Amino acid sequence: MKTQERVKEQKLAQTLSEKEYPSVVSLQCEKYKITATLSDGRITSIPTAWFKRLRQASLEQLQNFEIAFDGYDIHWPEIDEDISVKAFVEGLNSH
Numbered sequence: 001m002k003t004q005e006r007v008k009e010q011k012l013a014q015t016l017s018e019k020e021y022p023s024v025v026s027l028q029c030e031k032y033k034i035t036a037t038l039s040d041g042r043i044t045s046i047p048t049a050w051f052k053r054l055r056q057a058s059l060e061q062l063q064n065f066e067i068a069f070d071g072y073d074i075h076w077p078e079i080d081e082d083i084s085v086k087a088f089v090e091g092l093n094s095h
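Its first residue numbered 1, the sequence shown is counted upward by one per residue in the working numbering.
A hint or two may mislead.
What the hints assert, rightly or not - Taking lysine-lysine and the DSS-like style, the derived pairs with C-alpha atoms no more than 25 Å apart in a straight line are: (1) K86 x K52; (2) K31 x K86; (3) K86 x K33; (4) K33 x K52; (5) K52 x K31.
Derived from the structure by calculation, the hints contain no laboratory data.
Treat the numbers as computed from the prediction; the structure is a model and nothing was measured.
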């Protein structure tokens, strides 16, 4: 029972820490960079080179993405890649 309680606490802590980050409002993908507009008004870009699957993807594959309902994660179904808003806020150290 203690293990289940610990897992619940860890999930809650993760959820609370995610709320400290702005959400992704919109995304624009180019071959060499991804630009996100965040809910706090920032517009920030990261290079696709940071992520092997994104680096190797075609422009068409890069432009086929889904922003999660909460705005904290982005998924590319064709190449099975996921990144968090943390990559846009914290940079290279976040992934």
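Now for the hints, and whether the structure bears them out:
no. : hint      : verdict
1   : K86 x K52 : holds (17 Å)
2   : K31 x K86 : holds (21 Å)
3   : K86 x K33 : holds (16 Å)
4   : K33 x K52 : holds (13 Å)
5   : K52 x K31 : holds (13 Å)
No hint from the list above goes unmet by this structure.
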